[in-house]
Structure formats: C-alpha cells, structure tokens
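Chemist: Below, each chain spelled out in residue letters.
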Amino acid sequence: MKQSMKLNTLLAAFSLMAATSAQAEPQMATGGAMAWQCAPCHGTNGQEFVEAMPPLAGMPAKQFIDAMIAYREGTRAAIIMDRVARGFTDDEIKAMAAWFEKQPVKQWENTSLTESLEAQAAAEATGGQE
Amino acid sequence: MSQLENKVFDSKVTRRDLIKVFGASAVAATGLFGASKNAFAKSAPHVVVLGGGVGGSTFAKYLRFADPDVKITIIEQFPEYITCLRSNDVIVGYHTLDELTFNLDTIKSKYNVNVVIDKVIGADFDKRTVQTAKGHTLSYDKLVVSPGIDFKFEDYEGHSKELAETKIFHGYKAGPQTLALRQQLLSVPKGGTAIIAPPQNPFRCPPGPYERASFFAEYFQKHNPTAKVIVLDPKDRFTKDGPFKKAWERLYGYKTDNSLIEWVSGSEGGRVLSVDGDNLSVETMAGTFKADMINIIPNQRAGKLAQKLGLTDASGWCPIKRESMESQIQPGVYVLGDSSIADAMPKSGYSANSQAKVCARAVADTLRGNELGKAIYSNVCYSLAGENYGVSIAAIYEVRDGLIQPKGKSAGVSPITDKPAQPILEAVYQKNWQREFVKDVFS
Ligand SMILES: Cc1cc2nc3c(=O)[nH]c(=O)nc-3n(C[C@H](O)[C@H](O)[C@H](O)COP(=O)(O)OP(=O)(O)OC[C@H]3O[C@@H](n4cnc5c(N)ncnc54)[C@H](O)[C@@H]3O)c2cc1C
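Here the protein sequences come in this chain order: W and H. Just so we're aligned, residue 1 is where the first sequence starts under the numbering used here, counting upward by one. Just so we're aligned, residue 1001 is where the second sequence starts under the numbering used here, counting upward by one.
Derived from the structure by calculation, the hints contain no laboratory data. Ideal Cβ placement from N, Cα and C applies to all residues, glycine included. Be careful, since some hints might not be right.
Said to hold, decoys possible - Some but not every residue of chain W turned toward chain H, in silico, with C-beta under 10 Å: (1) Thr-30; (2) His-42; (3) Met-53; (4) Pro-60; (5) Gln-63; (6) Ile-65; (7) Ile-69; (8) Ala-70; (9) Thr-75; (10) Arg-76; (11) Ala-85; (12) Asp-91; (13) Lys-94; (14) Leu-117; (15) Thr-126.
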C-alpha cells in the first residue's frame, strides 16, 4: 500500500496545481497534455522502445529540447518532425521535455497503471519546470 | 439503475463480482477497484462511453490517467474491432484482417473499465440514462459518443444499402466489405477496369481512396499490367494530391498513354450521379463508365447513433465546443472522432485519438470543478502510394478564434524532393506508426 499512499500525495498535489493554475486563463497546454499527443508514433507516454521512432520516456530534457529546436529551425534533417516541431514554442517544448524525462524507461506493456500514474503525477507536479 | 450497473458499481459488490466483471487480473493487480485508495466510492461519477472504436477506447484509457477514481463503462456493439487503418493493404494482400483485429480486453483489465458488448438504441438526456438492445438501462454523469460514420447511399441514383452489401462495396468499414473488394480485384480480367469513386468532403480518411487507387495500380502492375484503375472524383483537389500525383508519375506512368491510373476531377465531370449494379456501370457528368468492379465510397454523415440521439446539425455532423469536444446541442455529452465537426482536423483515427485525450482531460477537470486546461490537438496521416512509397500530412492544432486551426507553421504535406530516401522512410514510418497507434488505442 506504500505505492498507493505515494500516488495519493502526488494526485493531491496535481489537483491543487490544477486548481491554482485555473485562476488565470491558461496560456499553453500542460506538458502532459502535449506529451499525450506524441503517443501514436512514440508510444503511450513515450514508452515505445522497439520501433523506428525514438522513445521519449526518460530522455534527458536537454536532449529533447535541442532536438526539437533543431527540427523546428531546419538545422536537423527530418522526414516529418520538422513539420511537427514548427507547432511548438520554446516554452511548450521545455514543458514536454520536463514531462517526458520523468516517465519510466520501460516498454509500455510492462508498466503497471499505478507505476504510470505515479510517474505522470510526478511529472505534472513539476509544472513543466526542470 | 439496472441490475447490470448494480453488479458493477454497488459498494456492496463482492470480490467474486469484481472478478466476474473486470477479470481476475484487474482485481489482483490493484487489489482495488480504481487505481487509488478509494475503491470506486459510491459517489464516484460514472462516465459512459458509446462506441469502443478508436475514439471511445482511447478516451477510456486516458480518462483513467486523468482520473484514477471515476467509474468508466464502454458500450460497444461488437466483441471485436477491425481497424480501417491498413485495411487497404488487405485488399491487395499486404496484410490479413486477422492482423487488424483487436478487442477491449486490455482496456478492461489494465484500466479498470467496465466493457459491455451491446448495441446502444437510445438515451434519455433528462434522466441521464442510455438504453441498450439487450434491455439494459445505464445511468451516467457524463456521456461520450464516438460512433464513426454513416453512408448517404441516397446521393447516388440506383444505389442502396443492399447493393452495397452485394455488388458495389465501399470498403470503408473494415471487415467483410474489405474481403469482398479483394475478391473483386482478384477477379478483374486481363485488361479490365476498376472504378473507385471517392466521396465529397468531408469524409473519413481523406487520403483513403487515393491510397487505395495507388494499391490497385501497383497490384495491376504486378499481376494484370494491361488493366487500369479510373478514379471518378466529385472534387478538383484531394489531400496530399501533390505528392500522390508525383508518386503516380514515378510509379504508374501517370499522365502517359500507358498510365495505370486515370483520375477524372469534378470539373472534368467525375462526379458519379447513378449506378447500375447489373451492368456494372456508372453515369457521371462526363458520360457513362463501364467497369469490371466499382468501388463507390459514398458521401458520409455522422454515425447513425449520433443522428438518433439528436447530436447532429443540418450538416449531418455533430457541432462541438472546441476546448472540450462537448456537444453544442446537449450539455454533458461529448462527441469524438469522425462524427464531430473538428474544423481543420481531418476525420482520421489519429484525430479521433487526439480528440479523445483532450476530452479525457476536459471531462476530468469538469468533474472536479476545475477550469479547463488549454486544448492541444494533432494529426499525422501517413499513406502509401505503393508498398514502399509513403506520403504524409501532419499538423499540430490549437483553438484560435473559436475554431480548431493549425498551430504555428506545423501544417504541411511531404515535400517533393529528389531524395529517394524520403518516400521510403515515410513508408517505414507508416508501418511503425500503425503498430504503435493500435497499442496506444487498445493497450
Ligand atoms: C480504408 C481506410 C483507411 C484508414 N486509414 C487510416 C490511417 O492510416 N490513419 C488514420 O489515422 N485513420 C485512418 N482511417 C480512419 C479511421 O479508421 C477513422 O477515422 C477512425 O476509426 C474514427 O474513429 P471513431 O471512434 O470516430 O469511429 P470508429 O473507430 O469507427 O468507432 C466507432 C465504434 O462505435 C461502435 N458503434 C457504433 N454505433 C454503435 C451503437 N449503436 N452501439 C454500440 N456501439 C456502436 C462501432 O461498432 C465502432 O466500434 C482509415 C479509414 C479507412 C476507411
């Protein structure tokens, strides 16, 4: 039950955060909301380690940020990531990077729901800050 | 409340009941009903999802991420789901239907979702209940509807649901339709003709008809090189038409006398007005075309269920609030996927998956009384213009001026380059994407 308590604390932090951030009109989507959109190619929460598209879970934030900015600015060769990266601002890229860094370095199928909920709550609790 | 619902959610349920409904692994894995300490408190809200296809299944999984304690039920009419994704491959034999068949078992066991296999026949929005064909009534706090599409056979003189089940197949819901088209393609005689008639906008999978035409041409090239495919289109443009036509030139002699593909645009009279199933011919503005097989992909509207529930407007599709996918017609009811009016987003599986995630956060926030977060959507459609030749379109979307619109400078199709690796890599990515996508939806 230790896991469960940890999860509950994290979830409480998450709700509180959501409540405080709710006071002003949000300027950008949360890191998690953006990161979920990457799943069809990179796996649920970036946890796909056996396909051509690179896994994003656990990627050091700097590596993620550098790659996305290079794609966006056209300094790194791409097939479609240049188009995708042009949809994001620096702050959005940083928030996604911070979120993915906190996800388990582990194939999605082998990750339990509780383990993932903890990782997602921990990532949301950073508020997108490294 | 029906018996069914009591059995699932009543706080007095026994462990045996839990195992019966959710499967032993789910109960064993968590030791609990939900994922946190509150074992689905009696007061926990109940979110009911109608349709366990791409939109519905993704939604249930991601709502579980957004809210570990909410009760979730999916009502899906069929025990198995065959993806349309890659079903064009089945027609030409690059895939089998088995490889495209999925179910909701993992959604049920891993994400503690109650799955009911039954057909939804109605809803009472005042009482907040839905009725099923087997006679169950389920009550909900929030309702999510993702029922796919319906066909407008009446737009073509001589066409009907019956004809579409016996001779003039659409192949736009995967399954027997797909296999019937395969049978017809294999039976086209030497030097014969196949007609593909794409629908008017908007419709499910905008590149689908053109990918299919490409595959037919590739099949003929290998097995029946004097045969040809004629695309009779009501439109003058189609998605990715630049890269598609370039691929046709490179691969199938498009624009030459020996082209395996001929495309008749709307201005050239390509729109099909009527069909004659006995003589296998169609009437268009440009005259009569006879063929050995005719694949009419009819004009479309929101799934029958969405129409029946009164969620559609005069366009035949469902108007939604862009920040949440909540119906503009029925508060507390959300519409996902092909049935919804999502502005610049195409009706794709990727879009349905994307919308489901935005909606999951919106429903969780609403149930907690929080303001909604900012919505972010995305779509990538990879298509094959040949087995090893991919073309793609991609965009990230945001809500701007009340509409879902491309964000930043993200929107774009594959560049046409002389780099031979580009289309080959796009084809690799497309196959990668398909394997990954179904995992994100169903596991
Ligand atoms: C040939 C082809 C190729 C495609 N390729 C791609 C591709 O490569 N990439 C891509 O992103 N998209 C692709 N698509 C599009 C994709 O299949 C759809 O956009 C997607 O399935 C839409 O999801 P949905 O949830 O709206 O509907 P669906 O996935 O169709 O789900 C609807 C579900 O609701 C159920 N249902 C309906 N009515 C009831 C009822 N009364 N009671 C209970 N259950 C009900 C149905 O049984 C079904 O399971 C393709 C489509 C076609 C036709």
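Chemist: Please name the hints from earlier in the document that this structure breaks, with their numbers sorted from lowest to highest.
Modeler: 4, 5, 6, 7, 8, 9, 10, 12, 13, 15
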